[in-house]
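Asks: Protein chains in written order, with our numbering: chain W, 1 to 255; chain Z, 1 to 374; chain X, 1 to 443.
Because the hints were derived from the structure by calculation, they are not lab data. Worth double-checking, as some hints may not be accurate.
Using 30 Å as the maximum straight-line C-alpha spacing, the simulated DSS-like pairs for lysine-lysine come out as follows [to be verified]:
no., chain 1, residue 1, chain 2, residue 2
1, X, K212, X, K19
2, W, K115, X, K19
3, W, K68, X, K212
4, W, K227, Z, K20
5, W, K74, X, K432
6, W, K68, X, K251
Since we're looking at a predicted model, the values are computed, not measured.
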Amino acid sequence: MITTGIDVGAKTVKVVLMEDGKIRGKAKVLSGFDQEESAREALEQALKEAGLAREAIGSIVTTGNGRKAISFAKGDVTEARAAALGAVFLYPTARTVIDVGAEESRAIKCDATGKVLDFAVNEKCAAGSGAFTEAMARALEVPLEELGPLSLKATQTIPMNAQCAVFAESEVISLIHSKTEKADIARAVHDGLSSRVVAMVRRVGLDSELVLIGGVAHNPGFVESFKRTVGLDDVRTAAEPDFVGAIGAALAAAE
Amino acid sequence: MIEQFKEWYVNRHAYARQWKERTGGKVIGTFCTYVPEEILVAANMLPARILGSHEPQDVTEPHIFGMFCPFCRDSLAQGLKGRFNYLDGVVLAHSCIHFRQTFNSWRIHLPVEFSYYIPMPNTVQTDHARPYHREEVEKFKKAIEEYIGRPLTDSDIDRGIASADRNRRLLRKAYEYRKLDNPPLTGEEAMFMATTSQFIDKEEHSDAVEATLNSFANRKLPRETGIRLMAVGSENDDAEFFKMVESVGSTVVIDEQCAGSRYFWNESTANGDRLARIANRYLDRPPCPVKDYPTHSRFQHVLNLAKDYRAQGAIIMQEKFCDPHEGDNPRLKKYLEENGIPTLSLEFDSTNPLGPFRIRVEAFLETIRGEELF
Amino acid sequence: MATPTKYPTAPLKCWPKAKEIRQQYYKDYAEAHDRGGIRWSGGAWAFDAVPMGLGDDVHVMTGEPYAASIAWDRKFAQECQDATDAKGWARDLCSYMRIYWGSMYLNRFFFGGEFPKPDFYYQSQICCSHSKWDQEASLHEKVPYFCVDVCVGPYETLDESRLNYVVKQLHDSIAGMEKATGRKYDDEKLIAAVHNECRSTSLWAEICTLNKAVPAPLDEKTMFSLYVLATLQRSSKQVADYYEELRDEVKDRVARGIAAVPYERCRIITDTQPPWGFLKIYRYMEQFGVVSVGSVYTFGLEGIFAEQEDGSWGPRKTPQQLGIKIKTRDEALRVTADWNLSRPCWQHFYDPRIKTRMMLKMVKEWKINGVILHLNRGCEGLTLGSMENRLGLIEAGVPVMTYEGNMADEKEFDERRTTSRIESFMETLGLKQIPEAAVAHAA
């Protein structure tokens, strides 16, 4: 049976089709105002990629910020559960899953079956999620996808002193005015974000096998900074980090 | 001379380690500025105040929730990062709930040989606080005696009192120079001098202050004094901030902060026996707003300082989430302004975002100068 | 899935009476001056037995329950907080205080009419915000302020000198009240009030202890409406009598196996004030068969507990139960000082480990499966040490969830995220929604 997982995120909707533990198709679209509409669109795309008809799919389970908004789903699972299931499916030894999304980030401790044992979520603060890098990329006048590669060229580490996203933005501007290299500022931005994320991870403990998932894990600048902040070289990043939640939801749909 | 203080400030941990090696004495971490240091000095210990580093950190999240002040978290981070691992003991004299968490997490997770909590009165204005606090100082003394395994003699205590008072007296003298039209020291330098007195051996520090005082006669700063400012607020040993403020046409000539004048302002006076003398000194000092009840006795003191040092404006430095100060500041601000001292309120989160602050400080200085903006 | 056990439920008979007492309380306060009476305001932790010696027509309004009442009305709560913000106060200050001040600045009483100006403010001083609260209120209203410093360390270290410090201040406060009101103080009335205070707070502890039963006769959401009477005026005879009636009814519920939550299969405790505007999160948990049987907060904010002979936690014996006869003002003040200093919710102000011990006691004796801690941005005093409590509980193997919110400022509470977090926690505890409970909930 083909099961479907839909991760209705704050910024994008991700769909994954699975059959017998294999991914058959997937798609990602931007979340519009109408989350259900975006979910439908993503589902259509995934079906197309898999060469399947709508009738071919069995149960649909949603997760993510808009998981309750999808009327055609059978049910929904929490973001933590989906992340843990997906991560353990991809990396069976994973016990700590760090999910950094556009609007929210979370750290999850789980067991070998993907059962959530403990979790922490970043509180209502943009400085601990992808929204932070977005705002800072704007201030730096750099496209978001270039911010990460840019920060890898940094030659020095300067602290991002402002802990709040609004203040950080004006600090970035001050740094630009004081002729600080953009690459160094980009690194400071990622250091600021990863310091927030690591602080959260410490709540569940920083001791077992880590996997980074969520859209922000695409950003090499963040990943580099995260490794430096936790002092670990061995941090795995999921190959397609933004699809892990949807995979987890598809697995839940098979249960 | 005066450079010594900055060096101590920057290398405080190396100093403490060397002190320990050199003297064989115990180093006791003090939390806030209400611990009766006289007793520690009497026991040949080094009281070293726990302060933060003003660097971003990510280690306190499991211990102190983010709604508590950044200073208490920054300070705990220093412990968790192992920077204070030379401490033999920790002591807190009851202050605010924020910093009590630093102390508690510290004694839970960073075990030391000696830890002690002094239930220092919160209402320092009541007469009943005096006999009560004397008893508590006595209990503390006994605990220290038990720890070191010998009684503290009257002459030990007298030495502790004399040493603490000498340091206070000298710091007051140094602050006197800030009243001059062209003070021989900047606010940043004064901050280094005052703050280091909280973790450097008292006699050594006093000697350095004395030597610095002697050098003032010939010291002329190659800078304009500019607008004379006062710094009022919570725990703010924000050196970078003072440096920035003094780089844009002003000089901080006086402070009312626990990293500065509130800590050393008054000497002890003979009123009762030795322990009463010590206890009362802490009840009579310029209070932290956490202890200033039922009236705002502190306001008059702040205004007096502003007048005595001819401050043209006051920067109210508010540590974010610091309830005691937040509970005073709107009225304090109004009080100062009604008495002719314009104010600028800034919220600090222990790190120093200098860019945004510079804009505000410059605008404040412009209004004091009465400059037309356009 | 097999249908889970369904316990019988029944509404609480003395529920309406609690509501009446509460309504009468605010009415009496508002009208006290019309009848030539005295009114005072302050905190729910003030030594409320002490002003009772001023006469039978002394009425009090404690600030925290007053602000919590307003928190239910999100619009007025917001107006009050805006008024406080406008005066320049920081937005992260205690949200009860910001609401109370706002109501005072706006001169609007939540229960109608102008804000009733008290004759004096009376407060105990353990929380940094409490002390500032009434300092500011007394300055604004231009009335005297008497505060009693109770920061003498945890109860387990109390000694003569520490107790005396509190008692001497209580004596002073009586002198201050006599001066402020021009009344002569009656020690007999004080003694009666102290007696009632001990009675009502020991009874509340007894009621909480009855919740050790499975199924729990009371759920925390219901307890919120009951413990509040002690926060209004624990020294009043009416409150003490009410708790006696309630105790008897709860005892009867236990005997008959009456449950608060029909599908109880998982028992939790929480901590600190909940976000008052969103108590439905408790109802949401019921759909999973979860009952919150209380918290150190609901139990120990006013309930006075002590270790029983068998080592378990239960009500502290009142002086009367111990055969102690209070004869003088000084004796009465010593009793009330000692009694209040043993309050469970005052201990974590000194050391979080004392509270962790209480929580672990609750976990064991109240048969708890998990703990939900509200990281309450509106109350520093009760959230103090919460993260260390969390670590202590986890170390002891107790599952813990935390969520951020604010008891009275809805801007700091995110309902969707909190519900989602609760759902994850339910998964962690191995619980799924019970369809029958969800249906009942929807109805």
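Asks: Hint by hint, say whether it matches the structure.
Replies: Verification of the supplied hints:
1. Only pairs whose Cα atoms come within 30 Å are accepted, and K212(X) paired with K19(X) is accepted, the gap being roughly 25 Å.
2. As the CA atoms of K115(W) and K19(X) are separated by approximately 44 Å, the hinted pair breaks the 30 Å bound.
3. About 36 Å separates the Cα atoms of K68(W) and K212(X), which puts this hinted pair outside 30 Å; it is violated.
4. A threshold of 30 Å between alpha carbons decides the hint, and for K227(W) with K20(Z) the separation of about 36 Å lies outside it, so the pair is violated.
5. For a cut-off of 30 Å, the pair hint linking K74(W) to K432(X) stands: about 15 Å separates their Cα positions.
6. Taken as a hint, the K68(W) and K251(X) pair is broken in the structure, with Cα atoms around 42 Å apart against an allowance of 30 Å.
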